[in-house]
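Number of protein chains: 2
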Amino acid sequence: FSCGSFSDRWYKMGVYNRVPTDIYKVELGKAITPEMVDKVLSTGEYDLITVTHNETSTGITNPIEAIGEVVKKYDDIIYCVDAVSSAGGIKIEVDKCHIDICITSVQKSLGLPPGMSICTFSEKAMRRAQKVPFRGVYFDLLAMYEYIINKNHQYPSTPSLSHMFALNFQLDQILKEGLDNRFKRHEEMANLVRTWAKDHFKIYTDTNYLSNTLTVIENTKGISVCELNQKLQERGFVIANGYGDLKEKTFRISHMGDYTVDDIEELLKNINDILELRL
Amino acid sequence: FSCGSFSDRWYKMGVYNRVPTDIYKVELGKAITPEMVDKVLSTGEYDLITVTHNETSTGITNPIEAIGEVVKKYDDIIYCVDAVSSAGGIKIEVDKCHIDICITSVQKSLGLPPGMSICTFSEKAMRRAQKVPFRGVYFDLLAMYEYIINKNHQYPSTPSLSHMFALNFQLDQILKEGLDNRFKRHEEMANLVRTWAKDHFKIYTDTNYLSNTLTVIENTKGISVCELNQKLQERGFVIANGYGDLKEKTFRISHMGDYTVDDIEELLKNINDILELRL
Chain A
657 FSCGSFSDRW YKMGVYNRVP TDIYKVELGK AITPEMVDKV LSTGEYDLIT
707 VTHNETSTGI TNPIEAIGEV VKKYDDIIYC VDAVSSAGGI KIEVDKCHID
757 ICITSVQKSL GLPPGMSICT FSEKAMRRAQ KVPFRGVYFD LLAMYEYIIN
807 KNHQYPSTPS LSHMFALNFQ LDQILKEGLD NRFKRHEEMA NLVRTWAKDH
857 FKIYTDTNYL SNTLTVIENT KGISVCELNQ KLQERGFVIA NGYGDLKEKT
907 FRISHMGDYT VDDIEELLKN INDILELRL
Chain B
657 FSCGSFSDRW YKMGVYNRVP TDIYKVELGK AITPEMVDKV LSTGEYDLIT
707 VTHNETSTGI TNPIEAIGEV VKKYDDIIYC VDAVSSAGGI KIEVDKCHID
757 ICITSVQKSL GLPPGMSICT FSEKAMRRAQ KVPFRGVYFD LLAMYEYIIN
807 KNHQYPSTPS LSHMFALNFQ LDQILKEGLD NRFKRHEEMA NLVRTWAKDH
857 FKIYTDTNYL SNTLTVIENT KGISVCELNQ KLQERGFVIA NGYGDLKEKT
907 FRISHMGDYT VDDIEELLKN INDILELRL
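Going down the list, the protein sequences come from chains A and B. According to the working numbering, the first sequence is numbered sequentially starting from 657. According to the working numbering, the second sequence is numbered sequentially starting from 657.
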């Protein structure tokens, strides 16, 4: 299922790894719905589905829990979720959502330098992996899991230890903040940006599925996003231009990780100042 | 071609990725020779060969330059070299050795924390890759190269930036030391360990192909390597037990990266002290 550039990448992975793969695309800015998933799975043609939780090219957060309810009806479907930009910023309960494989990375809502991936996987995914004869080496989760269990949490090849130490530190910080507080902080930052976007521009994304970690804004004033960003950078801030075809047509403000409500207020104040925006 | 656990891994990669693969094994502690490679390539049955430059399970450094002379005779062979534990400690001239793909990692002779791989590849390897339709996504060197060239050294997915900054710093340090000085330092450390090993134990490896980054020593005195290592660790040192089947039968002393001749002397003095070794 694809709703943008990052969910397209799942499809690419299937194709480039010679796995029979189909793609179900929705219009940019729209979400994947449980109904779509049900329609596709009812054909009985699939073994595995992939959903990108938070699509940062369009600012959509897909309803992974409601989709999980649909997946639950189909015993033999493996449900994979890309939570790269949401984990740590938006609540994800993999068991409750019936997610079999949930992958994320450390450099988005977890707020660490890039370079390490993290994943959870279910017993159902393990049993399915046992039936796949050619699983590669580097990304063979089953072999990795068995090694970790049998060798007291060592890995089959040397992992990025400095990231592991950093993650250990950061997870302590996250627990200190409190998970619910952290998710609430992301929501508050998102609300600030949404209100500002509605006042001065327009939110690009279907408002029923807005992301709490990033907002995509339609460039209704025809500003030069590139120039705005250059001026922001001189002041120590940075936003993102639209992704791919949406460049200059949209721009993106991220509000995730260790950013605070104050940081976002400061950013918006600076954008107002540069663009001379007044209510 | 395999001369130990790490060269076995190349074979495993082929098999687990559903690539038709054969393995040519030599006795543990022996090297891969140009004659063996010539014999295998003359069958005309292969497209690509893999050689591990420095096999840390047995302390062998394979003669990659002489093997390259053989490969050169066979126009359509892609020559892959694993230089994980040698690059930065032993001179490697990929063009002179006719190496098409040379991979290494940052945590061995380059002396950085683990978590990033580095590779070189030839135009011949690029042209060959263009003929391979299913190259995966994450390790598709061709796609990565094209992206880097077209997007001013950006990557198709976020790389481990902190490792890149660290590597940039470390490469400056290495150039400051001077490449030849660095290789010479590795040789001097190796000579120290070899002399000590011959005086008190026995070198496990074929002495014509001894590694300058690591020495594997036969446990001729039947000491407990595990106990020795525990006592060394109390004093701030660490050596490695034998790898796999060679555990306790051998032990391994690494002399690579940023270690100095003084460090190695201090280590050997401490081993002498713990084991009460005297000449």
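Since the hints were derived computationally from the structure, they do not count as laboratory data. A hint or two may mislead.
It does not matter which identical chain is meant; a pair holds if it fits inside one copy or across any two.
No farther apart than 27 Å at their CA atoms in a straight line, the calculated lysine-lysine pairs in the DSSO-like style are these [to be verified]:
(1) Lys-729 <-> Lys-877
(2) Lys-925 <-> Lys-780
(3) Lys-903 <-> Lys-729
(4) Lys-903 <-> Lys-807
(5) Lys-905 <-> Lys-787
(6) Lys-887 <-> Lys-807
(7) Lys-695 <-> Lys-728
(8) Lys-787 <-> Lys-840
(9) Lys-668 <-> Lys-858
(10) Lys-787 <-> Lys-668
(11) Lys-780 <-> Lys-668
(12) Lys-807 <-> Lys-832
(13) Lys-681 <-> Lys-695
(14) Lys-728 <-> Lys-854
(15) Lys-681 <-> Lys-728
(16) Lys-686 <-> Lys-780
(17) Lys-854 <-> Lys-925
(18) Lys-807 <-> Lys-668
(19) Lys-807 <-> Lys-905
Results of checking the hints against the structure:
1. In this assembly of identical chains, Lys-729 and Lys-877 lie within 27 Å of each other by CA distance neither inside one copy nor across copies; the values are 46 Å within and 64 Å between.
2. Proximity of Lys-925 and Lys-780 under a CA criterion of 27 Å is satisfied in neither setting, with 49 Å inside one chain copy and 54 Å between copies.
3. Taking identical chains as interchangeable, the C-alpha atoms of Lys-903 and Lys-729 are never at most 27 Å apart, the minima being 40 Å within one chain and 51 Å between chains.
4. Within a single copy, Lys-903 and Lys-807 get their C-alpha atoms only as close as 48 Å, which misses the 27 Å cut-off; across copies the closest is 15 Å, which meets it.
5. Taking the shortest Cα distances, Lys-905 and Lys-787 never come within 27 Å of each other, neither inside one copy (46 Å) nor across copies (37 Å).
6. Taking the shortest Cα distances, Lys-887 and Lys-807 sit within 27 Å of each other only across copies (23 Å), while inside one copy they are farther apart (52 Å).
7. With identical chains, the CA atoms of Lys-695 and Lys-728 are at most 27 Å apart within one copy only, with a shortest distance of 14 Å there and 57 Å across copies.
8. In this homomeric assembly, Lys-787 and Lys-840 never come within 27 Å of each other (Cα to Cα): the closest approach is 41 Å inside a single copy and 51 Å across copies.
9. Taking the shortest Cα distances, Lys-668 and Lys-858 never come within 27 Å of each other, neither inside one copy (31 Å) nor across copies (53 Å).
10. Taking identical chains as interchangeable, the C-alpha atoms of Lys-787 and Lys-668 lie at most 27 Å apart whether they share a chain (23 Å) or sit on different chains (18 Å).
11. Taking the closest pair of Cα atoms, Lys-780 and Lys-668 come within 27 Å of each other both inside a single copy (24 Å) and across two copies (26 Å).
12. In this assembly of identical chains, the alpha carbons of Lys-807 and Lys-832 never lie at most 27 Å apart, being 31 Å within a copy and 40 Å across copies at closest.
13. Taking CA atoms no more than 27 Å apart as the test, Lys-681 paired with Lys-695 passes inside one copy only; the shortest distance there is 13 Å, against 53 Å between copies.
14. In this homomeric assembly, Lys-728 and Lys-854 never come within 27 Å of each other (Cα to Cα): the closest approach is 37 Å inside a single copy and 65 Å across copies.
15. Only within a single protomer do Lys-681 and Lys-728 lie at most 27 Å apart by alpha-carbon distance; the minimum there is 22 Å, versus 49 Å between protomers.
16. When the C-alpha separation of Lys-686 and Lys-780 is checked against a cutoff of 27 Å, the pair qualifies neither within a copy, at 30 Å, nor between copies, at 44 Å.
17. In this assembly of identical chains, Lys-854 and Lys-925 lie within 27 Å of each other by CA distance solely inside one copy; the values are 15 Å within and 72 Å between copies.
18. Taking the closest pair of Cα atoms, Lys-807 and Lys-668 come within 27 Å of each other only across two copies (20 Å); inside a single copy the shortest separation is 34 Å, beyond that limit.
19. Within a single copy, Lys-807 and Lys-905 get their C-alpha atoms only as close as 52 Å, which misses the 27 Å cut-off; across copies the closest is 21 Å, which meets it.
In terms of the numbered hints stated before, the structure departs from hints 1, 2, 3, 5, 8, 9, 12, 14 and 16, listed from lowest to highest.
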